[in-house]
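There are 4 protein chains.
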Amino acid sequence: MAYRVFKFGGSSLADTACISQVAEIIRQDPNRLTVVVSAMGGVTDALDSLAQQAVQGNRSNEKQQLETLRQRHQGVIQELTAPEDKETLAGDVDRVIAELATIFSSVETLGELTAKVHARVVSSGERMMASILASVLRSDKLDAQFLDATELIKLHKELGSLVPNHEKSIQQVQSVLIPRLNQGQTAIIPGFIGESPDGDVMTLGRGGSDYSATLLGSFLKADTVTLYKEVDGLLTADPRYVPNTRVVPELHYREAAELAYYGAKVLHPRAIIPLIPQGIPLIIKNTFKPALSGTLIAGDVSPGAYPVKALTAVSRQAMISVEGNGMMGVPGMAARTFGAMAQEDISVSLITQASSESSICFVVPQKEAQGAREALERAFKYEIEFRLIDEIKIKRDQCVIAIVGLGMSGTHGIAARAFQCIHHKEINVNAIAQGSSELNISVVIEENQMGPALRALHREYRLNRIK
Amino acid sequence: MAYRVFKFGGSSLADTACISQVAEIIRQDPNRLTVVVSAMGGVTDALDSLAQQAVQGNRSNEKQQLETLRQRHQGVIQELTAPEDKETLAGDVDRVIAELATIFSSVETLGELTAKVHARVVSSGERMMASILASVLRSDKLDAQFLDATELIKLHKELGSLVPNHEKSIQQVQSVLIPRLNQGQTAIIPGFIGESPDGDVMTLGRGGSDYSATLLGSFLKADTVTLYKEVDGLLTADPRYVPNTRVVPELHYREAAELAYYGAKVLHPRAIIPLIPQGIPLIIKNTFKPALSGTLIAGDVSPGAYPVKALTAVSRQAMISVEGNGMMGVPGMAARTFGAMAQEDISVSLITQASSESSICFVVPQKEAQGAREALERAFKYEIEFRLIDEIKIKRDQCVIAIVGLGMSGTHGIAARAFQCIHHKEINVNAIAQGSSELNISVVIEENQMGPALRALHREYRLNRIK
Amino acid sequence: MAYRVFKFGGSSLADTACISQVAEIIRQDPNRLTVVVSAMGGVTDALDSLAQQAVQGNRSNEKQQLETLRQRHQGVIQELTAPEDKETLAGDVDRVIAELATIFSSVETLGELTAKVHARVVSSGERMMASILASVLRSDKLDAQFLDATELIKLHKELGSLVPNHEKSIQQVQSVLIPRLNQGQTAIIPGFIGESPDGDVMTLGRGGSDYSATLLGSFLKADTVTLYKEVDGLLTADPRYVPNTRVVPELHYREAAELAYYGAKVLHPRAIIPLIPQGIPLIIKNTFKPALSGTLIAGDVSPGAYPVKALTAVSRQAMISVEGNGMMGVPGMAARTFGAMAQEDISVSLITQASSESSICFVVPQKEAQGAREALERAFKYEIEFRLIDEIKIKRDQCVIAIVGLGMSGTHGIAARAFQCIHHKEINVNAIAQGSSELNISVVIEENQMGPALRALHREYRLNRIK
Amino acid sequence: MAYRVFKFGGSSLADTACISQVAEIIRQDPNRLTVVVSAMGGVTDALDSLAQQAVQGNRSNEKQQLETLRQRHQGVIQELTAPEDKETLAGDVDRVIAELATIFSSVETLGELTAKVHARVVSSGERMMASILASVLRSDKLDAQFLDATELIKLHKELGSLVPNHEKSIQQVQSVLIPRLNQGQTAIIPGFIGESPDGDVMTLGRGGSDYSATLLGSFLKADTVTLYKEVDGLLTADPRYVPNTRVVPELHYREAAELAYYGAKVLHPRAIIPLIPQGIPLIIKNTFKPALSGTLIAGDVSPGAYPVKALTAVSRQAMISVEGNGMMGVPGMAARTFGAMAQEDISVSLITQASSESSICFVVPQKEAQGAREALERAFKYEIEFRLIDEIKIKRDQCVIAIVGLGMSGTHGIAARAFQCIHHKEINVNAIAQGSSELNISVVIEENQMGPALRALHREYRLNRIK
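Protein chains in written order, with my numbering: chain R, 1 to 467; chain A, 1 to 467; chain U, 1 to 467; chain W, 1 to 467.
No wet-lab data here; the hints were simulated from the structure. Just so it is clear, the structure is predicted and the values come from calculations on it, not from any experiment. All clues stand as given, with none of them false.
Derived contacts from chain U toward chain A, CB cut-off under 10 Å, selection only: (1) Glu99; (2) Ile103; (3) Ser106; (4) Val107; (5) Glu108; (6) Thr109; (7) Leu110; (8) Glu112; (9) Lys116; (10) Val117; (11) Arg120.
Heads up, the beta-carbon is just placed ideally off N, CA and C, and yes, glycines get one too.
Isolated chain R, as found in the complex (with noise of 0.2 Å):
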């Protein structure tokens, strides 16, 4: 028990300097320790972009591209590994890139690239950046071992997507990784990746790496979960439209989640989901600074003094309205109206009806407004036709603005607080929701405002001197 599981992210690993400083945190306290890797930094894009391109016949630059990751690996290897794993090392790159070689050639032969086959390509950068951290780590005398994802993180067929099977994944942690772990072992195992019934690997989709992370700790039951990352943690509000963010140190899992919601670049929500049943905390820090305390996202987190803790924005959304006086008191005209929706695949993020059923309205990516609008024309034909609906109305441009924290349910007035300053700046606001989680307050307003909107937000809330 007291297992730890870490994950280090590309930019962590992006030359010798990084993985020394990676090597050094891993040093701190190797016990019971599992490391996820990704790719070194750019390696994936890269892996993904030359398969793309066989695909398509064109193989001008991959030499050339092939030779720039071998050197960028065999570099590491020559700089950081332990003497007696140089050569196997070295020789098991060359293998590696002379594979991909002769797997582009392949495809570009077919004409097809087939999911089975990416992943393969792709997944070959966390598997190089695993055996190699494993034997760097080695060389100053630590017993790290390199563990493949797919002797661990067992997928099966639900739905028809490849999902993780708990069951035997737990099965495999059990006999595969814990002995080693209480030997003394630290695994370093390749992210991204798991196996297919059929004994392929597969890529495991959204949340990347991340989610191999947290996936493992929840297979360990491990204590902490900590992602090292370029940043110090998760900010109140996004840096290119505020000054003076800072850290939020403290978040529950459904704050960080309501906040991963639209800031995936950081954390993929799905990433988190594996370590909520057992309250398992989750930790972002920064590996260049690994001195800060980062962010801790917990299930047992007290809202404490700030009431509000973060905001978070996406813009270029468009929200949906059906109105129409007809169907005011008959049951189902919400679930036609998401029916709609969920028949196109079409993600709904604020919802909004305010008391009767005569009118209900969402908020779609832009670029699903089109397909919603047809969607909901189909679904609502004959009521359109007998004037019951009046059309469909779309608003373009629109940006929702987020004001997350769970102390809100506790603290009056963080509502009229927050009407008050967007009033004051002249800033029209076109829907707002509000659910009873008490988690947080949604408004939809122009987004051409959303600058204005989250700088005065922010000020008002007195984020800038969160702690």
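Dock chains A, U and W against chain R, hints included.
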């Protein structure tokens, strides 16, 4: 052209004095006028109650009650109708009363009260009243004639319910009603009823005689429809909770529908619908203070100086929330939630989902809350079992307050003022929704704070001075 | 144990002489006997017709017809019942007749004849008859008592229809009927009716009083159920077409059901069903020739020397065929064909599809043929348009002859003899089916060849000698 | 006009001698002739097998087998093709073989064999053959040209499968093929393939090159389509069981489809369908005995002197029966039975239900029997539990014999003779069906009696003398 429809409710036709007043109003301008009448005040309820008693075999009071009904109608006939009609009308009333006794006897014998027989019984009040009122008017030289609603309002079955057959009804109005109006007749028509495809009289259901009047208004392409009631118009708020309420002078259809949705006693929202496509104005006036201008409801009403026009509130509501991080970003949670409600025929009022799809909340009448929870637990059985959804929560004893006014859309700060003033009263807001129609802001609060909240908001928007 | 059920039909209870004969039969062995009776011959039809006329307001003959009914029952009472019952019974009959007049009057007044009122009217014949017969038996020292079927046969709703609630009915039979039988009473019970969950009398529908008898037989776990009718038993063929028909002495349930399916006049197949699970024998006897052994229907009847036991024929049928090479080998054509029929509630009798699924044919009553074609054209719209299916064909004026006998299974050449003998008559066979139950061979021929075919087959299988 | 299509199968193109024979046939009348070719005998199977081995990484024999394929084609090129083409063709074949080796190597590398790659591999045999045959014909002064099927047969997706896009294909045939034919060219086209909407070569599936030929025949509105095979035509019965079988000289499309349904080796029923709408005759001839007239299949074939034209039999079938008196007269039992089969994708052949709906029986391939039973038990769970349906029965080891001939309809006694002769052999008939199309009588018998039954019937209908 220039047709008008007046409708007088039961309280406006309660006795000789009332009926004289009604006749006086009609005489002011009887030209091209169609008058829809309810039964004399109390008559419909009395007939319904006698029918219900007959089917139970409990007819001990029947004779006396029928005699009371007979005398009320005969009194009006003796005092007010044209001398040449008195004998015929008196005979008609006696005949109707006798027929009702026969029907009740048959109902008792057979032990069943079918919808058809019920309609026949309860509609007899409207029919007697219409005949009598026509004669009252004739006694003052008006060419007023009784015209049965079954000749005009034809019903057909749609999706299992009897609803007006517009095409056929318009044909009837054009061939039967309009020629009479054009010849100078004033048509007196019993409200509440229409004719089934089998030729039976049937009641119109929700909206009653008001609905008859607005249907006829739309079939006639009338200039206006006026509903004469015993109130001065639609009020700024419920006077039981708020002192100094005022009549709202003008409302848009949608504002009125929104108010009507929760305050069905004055006006059922269904009665507004027939007027919307053609933009026919609807006027609510007080029969006994005809000089007051009442409330005008139309499609081209300008917002005016008062962005908020009225408050409406409904208590005994429950707020239901479905929360779960596991569903984040997966399309279809809203569709499934409201699909479950529609299947159980539960009408949903305020809905809110703040930004991510991880939590959705909505309001249902408190008595439906348990059924709603069970339906959701069935619908999300799998997700609850695997903890993708936390439990379905119900907050009981809630009240929804809607702040209604189309002008809110162009005026900054309405929301801010609302929350500011609720905040000052230390009232906690459990959910907020403002849709794109910008017609209302709705808040969910604890039921026991309804009065203070209404009073504070009424003062805040200075609704005691509306004009 | 050793309970028996007798049922006497209307023709067996047509007048004083008949009823004496019935009483005589019962007196032979009244022990543990339950007697189910129909109304006096013609009474049910007369009551139904009076009710139909009342709803039309056509009651001119009613008084006279009710008087006739009254006199028929009073006559029996005067001549046959126990002296001490005469006054009571006579009063009861007068009361029932008066009540019927009141009901008809109410039905006329309300203009509706609901299922509930109809059941109440038509069941009064059975009830009077049961009361009278009990007294007739008492006049000869038998302890015979009227017992109302509503106390025994309890109905509930299943899939929208009222059907017997076995569990509840068995409880009633055990607590109400069996104790009386065990005390030496003979129970006289009106047939055709049961009690709805609301406590109303309702008719049992298809199968009528025979069904009452077999239901009670099964609830009682009776030794036998005997249906006394005015025929000698089930015949080898329809005597209108075939000379020298004979009573079939013994039949298996399934043979009887097969014969009953097309010849519902003597026995509705539904009446056989309750007896099957417990294997209770059913006997069809002639009330007026009680010495004849009639037809015994049971589950353990051996095939005997006559592999073919009877012929049955139904005319006014249409044969429908769906043909199309385009559907060959594609699963689902049969499902869609019969799905279309089920949706239209069209009962399909003979079905045949020879080897490939390129053509399927089946028989429906001629009056359903057009509806069947239209349903199929809708169901196969696409396939017809693209000529995957040629048009849907109907052959009218067809007749289905079934050659019935369980013994056919073990005897070679039955089919050969059938076709040989039809062939010799130069009768063309339009379709043939023999299923695995080897219970019957069915052929479809032109209606005008029914007589010759039946006669030839009857001769071929020597059915004129069956015993 | 006057276009014709010939198709030569692989056995007709097995070696130099065969191909010379094919060329000889074409030369007889090359005018407006379209020739569809399979690959050289055995080539398609060899390619498929190599592809399957490559994906397993088992390529040890590949080189040798590709060399054999190369030599077979080179041999034909050397011996038979036009001198001026030899070098090009030889180069083409070498290139195809080399490309196949590259593809197999890529398939091995990637470990996947997609449908697209498989089609590309297996179609190369047809393409080489078509090129070579064109040159063989040119060597004898014919203007024969290779034309790729991907230019003519365009596919699109319908209900999830790729099927011919008639509209587009007809456009291509009119703009690409017909002008060439009209200029005196003979078009030599590889069979078995078409082009997907993405521009990839795809195989046509069931019916193969025969289907290519009849599709092109229909697109061309050809006068005739001739399929050259290594058999004399369709036979009166399977010669393995019946001595003295004969070629059936003429068959109606439907007779042929019926025979093809169970005897798919000579002709797949799907290949007949394209010709039916336009009534284009299909001829089956023997490449090596071109003087024999073979079998003519058309829509206007007269029944002729032989009402029965052929027998067909299929063994390893199971007969399933659903029996239950509880369902009698209730619509929908057939629909539910076959609905259950369709849902499981089980193709049902002979169906029979004799008169009442109390028992229905049908035949499925024996390997589907258990699945069918389980599906029925699920579908009739309730009815089985309440004993409305007795258990679902399966009779295994059954054989369906179909006696096929359109002339049966006008001829009495066909059925009688069938049953008489089966009866004389003491063969028991388990089920019989003859549909309204009067095209066939089908009987289900025990599998081990198939030979005797076929021989007896063949003799009975004197099929050994058909002409």
